[in-house]
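**Q** Could you put together the complete structure from these sequences and hints?
Chains U and L, in that order, are what the protein sequence lines are.
Residue 494 in this note's numbering is what sits at position 198 of the first sequence, and the numbering runs on without skipping anything.
Residue 701 in this note's numbering is what sits at position 2 of the second sequence, and the numbering runs on without skipping anything.
Hints are computed from structural coordinates only; laboratory data are not their basis.
A portion of the hints provided could be inaccurate.
Said to hold, decoys possible - Heads up, incomplete: computed chain U residues facing chain L, CB under 8 Å, no partners named:
1) Arg-518
2) Arg-519
3) Lys-520
4) Ser-524
5) Phe-539
6) Glu-546
7) Ala-547
8) Pro-548
9) Ser-549
10) Gly-717
11) Leu-747
12) Asp-752
13) Phe-753
14) Arg-757
15) Ile-758
What the hints assert, rightly or not - Quick list of simulated restraints, FRET-style, between CB atoms:
16) L:Ala-777 with U:Asp-673: 48 to 58 Å
17) L:Gly-735 with U:Gln-337: 31 to 41 Å
18) U:Met-297 with L:Asp-756: 48 to 58 Å
19) L:Glu-723 with U:Pro-766: 21 to 31 Å
20) L:Gln-773 with U:Asn-474: 38 to 48 Å
21) U:Asp-379 with L:Glu-723: 29 to 39 Å
22) U:Pro-554 with L:Ser-704: 31 to 41 Å
23) L:Thr-715 with U:Asp-606: 38 to 48 Å
24) L:Glu-723 with U:Leu-410: 39 to 49 Å
25) U:Glu-404 with L:Glu-723: 14 to 24 Å
Said to hold, decoys possible - Chain L residues, not near chain U, derived (Cβ > 12 Å throughout):
26) Ser-704
27) Val-705
28) Glu-706
29) Glu-707
30) Arg-708
31) Ala-711
32) Phe-728
33) Thr-730
34) Gln-731
35) Ser-767
36) Gln-770
37) Gln-773
38) Ser-776
39) Ala-777
40) Tyr-778
Every residue, glycine too, gets a C-beta built ideally from N, C-alpha and C.
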Amino acid sequence: MFAATAAKFPSRVAIVEPDCELTYLQLETLASAIASTLQKQSITAGDRVILLLPNCAQFVAATFAISKLGAVIVPLNLAYKADELLFYFEDAQAKAAVTFGSAASVIEDVTSRLSTPCMLINLDDINLLTANESLPISTAVDPAATALYQYSTGSTGKPKRVMRSFGDLVSEAENFRNTAKTTEDDKILAVAPFFHAHGFGNGVLAAAASGASLVTLTSFTRRKAVMSVLKKHAITIFPGVPFMFSILAEAPSIDREPLPALRLAFSAGAALDEETYQRFLQKYGVPIRQLYGSTETGAMCLNTGATTGDLWRSVGRPLHNVSIEIAGEDGMLGPNENGEIVVRSNAMTSGYANLAEATKESFRGDQFWTGDLGYLDEGGHLFITGRKKFFINAAGNKVDPAEIENLIAEHPKVKEVVVVGVESSYGLEVIKAVVVLKEPCNEQDIRDCCLGRVADFKVPRIVEFRTEIPKSPLGKVLRKYLIEQPA
Amino acid sequence: MTDKSVEERIKALLLTILEGSVAEADLGFDTQLINGGLSLDSMVQLRTLNALEAEFDIEVDDDDIEESIFQNIQTLSAYVRTK
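**A** Below, the structure is given as structure tokens:
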């Protein structure tokens, strides 16, 4: 797909970075250079290659370099600490890891602790101008072969590995292109992280399928830089998360100014709140639409229609080649009836690696049972109302409470711990640890169990000490009583 | 505006942004906000910048914002006084 786009639009701009631009031809050349480098290190079809890179041209080029070889892309969060990375490196049985800059030393630490060898490919050390002089690379890959590992938040303390094929990814990209009507004239603001399903599918793949330009920002930390990019580059598509839109909507120092080029701004990862929707609309004249997707399926729904009335709350209708049904206890439900969202898509995975029980629960026939709750209105617009599966949505990052509980439980003064999400503004949650102690200790002692061991967004903001954890007669933790402060 | 009022006002802003997740007594002027301590994430930091602009009627240049400014309420106050 990428090679075809590069051949069709060689001179069009593929990537815009703050200090340089690459055409599709240049990006293809860079991808070939990285592929040659990997090939010289004996990376072949089926090998897993970890990507630890920010949103940048090298991420996109490395993605398509790995694909050229028929190898498997494993993009990971740069915020992960060494102990977290170790799990992913081991689980993926990675043969190589591609990075640059300061992350290289972190990877060296991780790879030194692995039982099987994993090569560090530091792009800083490679002369990409000469690396292309190598063996010819076969571009014929099996559409059914695995192309991508991504991880879905589990409920057992360990992430679930989702494997998607080359065919799945091409379908996802085409489904999005046909629904969002993306073309080579679009300019996509690529600030949603590429390692995540949202940024990968609706940024990297979306551009590759249409010949659009990706205007990259490595992070959302400078408000005016984001605004400047939106205006300077006449961005037409902005895939974001609620907090990005809320920051821009609220920033007093950013002037109210229409963004006429921005034809499609959409939010994913968490529910958009009404205040952000209204303020962004008033300030910039652009309605924020909502997209519904998952690691297992890629994008499922996108609201490209009306946002009047209550429709702004909807994630829209299913993408091309995606169908949605709502399941109740006794079968499928009709319009406006709330139940579990069940999806069928030509882009979705068929199960989790090495997790037969979880696969059986979520994948039935050719459908994926999302664990999310919602309803379809008479017009087929999907509204999300909640979730059955238990995880915490911290700033759009899904956090498995069991992972944090396991870390805190290691503290010798902790008798019992339960981690929950407490609703916060903008439809997000903050992480709260409820702790029963054997011996006295303070809140910071509890946070210190996590600091440096997991990404900062997983560290509990609230620590509450209780004398006991409320449980049902059968011993099940009554989490709803932990979310509120005790009377 | 007295020096003390800047610290107090920033503390009040932070307590609002943190939505009761940190007790008033636990947020001192020297409590570490990032790199340990409360470990405020980038989302809270950006909300704090928005709140500082609204509260003090200043314009924060994002390029000014380094880790040293977000160390604690005292360092944030010192920054506000320069504006």
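**Q** Against each hint, give a clear statement of whether it holds in the structure.
**A** Going down the list of hints, with the structure as the test:
{"no.": "1", "hint": "Arg-518", "verdict": "4 Å, holds"}
{"no.": "2", "hint": "Arg-519", "verdict": "6 Å, holds"}
{"no.": "3", "hint": "Lys-520", "verdict": "5 Å, holds"}
{"no.": "4", "hint": "Ser-524", "verdict": "10 Å, violated"}
{"no.": "5", "hint": "Phe-539", "verdict": "5 Å, holds"}
{"no.": "6", "hint": "Glu-546", "verdict": "5 Å, holds"}
{"no.": "7", "hint": "Ala-547", "verdict": "5 Å, holds"}
{"no.": "8", "hint": "Pro-548", "verdict": "4 Å, holds"}
{"no.": "9", "hint": "Ser-549", "verdict": "4 Å, holds"}
{"no.": "10", "hint": "Gly-717", "verdict": "12 Å, violated"}
{"no.": "11", "hint": "Leu-747", "verdict": "6 Å, holds"}
{"no.": "12", "hint": "Asp-752", "verdict": "5 Å, holds"}
{"no.": "13", "hint": "Phe-753", "verdict": "5 Å, holds"}
{"no.": "14", "hint": "Arg-757", "verdict": "4 Å, holds"}
{"no.": "15", "hint": "Ile-758", "verdict": "4 Å, holds"}
{"no.": "16", "hint": "L:Ala-777 with U:Asp-673: 48 to 58 Å", "verdict": "53 Å, holds"}
{"no.": "17", "hint": "L:Gly-735 with U:Gln-337: 31 to 41 Å", "verdict": "38 Å, holds"}
{"no.": "18", "hint": "U:Met-297 with L:Asp-756: 48 to 58 Å", "verdict": "51 Å, holds"}
{"no.": "19", "hint": "L:Glu-723 with U:Pro-766: 21 to 31 Å", "verdict": "27 Å, holds"}
{"no.": "20", "hint": "L:Gln-773 with U:Asn-474: 38 to 48 Å", "verdict": "55 Å, violated"}
{"no.": "21", "hint": "U:Asp-379 with L:Glu-723: 29 to 39 Å", "verdict": "34 Å, holds"}
{"no.": "22", "hint": "U:Pro-554 with L:Ser-704: 31 to 41 Å", "verdict": "38 Å, holds"}
{"no.": "23", "hint": "L:Thr-715 with U:Asp-606: 38 to 48 Å", "verdict": "29 Å, violated"}
{"no.": "24", "hint": "L:Glu-723 with U:Leu-410: 39 to 49 Å", "verdict": "46 Å, holds"}
{"no.": "25", "hint": "U:Glu-404 with L:Glu-723: 14 to 24 Å", "verdict": "44 Å, violated"}
{"no.": "26", "hint": "Ser-704", "verdict": "20 Å, holds"}
{"no.": "27", "hint": "Val-705", "verdict": "18 Å, holds"}
{"no.": "28", "hint": "Glu-706", "verdict": "21 Å, holds"}
{"no.": "29", "hint": "Glu-707", "verdict": "21 Å, holds"}
{"no.": "30", "hint": "Arg-708", "verdict": "15 Å, holds"}
{"no.": "31", "hint": "Ala-711", "verdict": "16 Å, holds"}
{"no.": "32", "hint": "Phe-728", "verdict": "17 Å, holds"}
{"no.": "33", "hint": "Thr-730", "verdict": "10 Å, violated"}
{"no.": "34", "hint": "Gln-731", "verdict": "9 Å, violated"}
{"no.": "35", "hint": "Ser-767", "verdict": "15 Å, holds"}
{"no.": "36", "hint": "Gln-770", "verdict": "15 Å, holds"}
{"no.": "37", "hint": "Gln-773", "verdict": "19 Å, holds"}
{"no.": "38", "hint": "Ser-776", "verdict": "19 Å, holds"}
{"no.": "39", "hint": "Ala-777", "verdict": "20 Å, holds"}
{"no.": "40", "hint": "Tyr-778", "verdict": "14 Å, holds"}
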